Amino acid sequence: MPKITFIESDGREHEIEAQTGASVMEMARAHNVPGLDADCGGGCSCGTCHVYVRPEWRTHIGEPNEFEVATLEFAVDVEANSRLSCQIKITDQLDGLVVTLPASQR
Numbered sequence: 010m011p012k013i014t015f016i017e018s019d020g021r022e023h024e025i026e027a028q029t030g031a032s033v034m035e036m037a038r039a040h041n042v043p044g045l046d047a048d049c050g051g052g053c054s055c056g057t058c059h060v061y062v063r064p065e066w067r068t069h070i071g072e073p074n075e076f077e078v079a080t081l082e083f084a085v086d087v088e089a090n091s092r093l094s095c096q097i098k099i100t101d102q103l104d105g106l107v108v109t110l111p112a113s114q115r
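Here the sequence shown stands for residues 10 to 115, where the numbers follow the numbering used here.
Calculated from the structure, these hints are not laboratory results. Treat the hints with care, since some could be wrong.
To be verified - Distance ranges between label pairs, derived from CB positions: (1) ASP86 - SER54: 23 to 31 Å; (2) GLU75 - PRO43: 24 to 32 Å; (3) GLY71 - ASP19: 25 to 33 Å; (4) SER18 - ASP48: 16 to 24 Å; (5) ALA112 - CYS49: 15 to 23 Å; (6) THR29 - GLU72: 14 to 22 Å; (7) GLY20 - PHE76: 26 to 34 Å.
The structure presented is a predicted model; accordingly, all values stated were derived computationally and were not measured. We put the beta carbon where it would ideally sit given N, CA and C, even for glycine.
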């Protein structure tokens with residue numbers, strides 16, 4: 010199983026074993042990772058599963074689609090490496106993925 014590390018804005022880390030085919034958001038919720046609310050349940054409509062993806066992982070997860078880009082426009086503290094974790098599907102190639110949670114989602 011791929012491992013994903015979530016880093017809270019205060020530096021606390023949560024490494025989880027993730028199920029392939031699920032989304033990063035689903036796995037965060039299943040493992041009670043704090044700071045990732047995902048109010049819409051993965052519908053790409055609320056922005057509360059916002060994460061920062063380290064640059065070295067961008068090619069592995071692909072580019073955001075137009076719906077994700079539009080939803081991110083309403084998120085807080087958006088940066089160039091912002092993504093919605095509900096839109097990142099876990100594959101074996103994402104083993105070791107590290108995402109950071111914005112301070113605004115504490």
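To see whether the hints hold, each was checked on the structure:
For the hinted restraint 23 to 31 Å between ASP86 and SER54, the CB-CB distance of approximately 19 Å leaves it violated. The hinted range of 24 to 32 Å is satisfied by GLU75 and PRO43, whose Cβ atoms lie roughly 30 Å apart. For the pair GLY71 and ASP19, the supplied restraint of 25 to 33 Å holds, since their beta-carbon distance comes to about 29 Å. SER18 and ASP48 have their C-beta atoms about 18 Å apart, which keeps the hinted 16 to 24 Å range intact.
The hint said 15 to 23 Å for the Cβ distance between ALA112 and CYS49, and at roughly 21 Å that hint holds. At about 21 Å, the beta-carbon gap between THR29 and GLU72 stays in the expected band of 14 to 22 Å. For GLY20 and PHE76, the hinted distance range of 26 to 34 Å is satisfied, since their beta carbons lie about 32 Å from each other.
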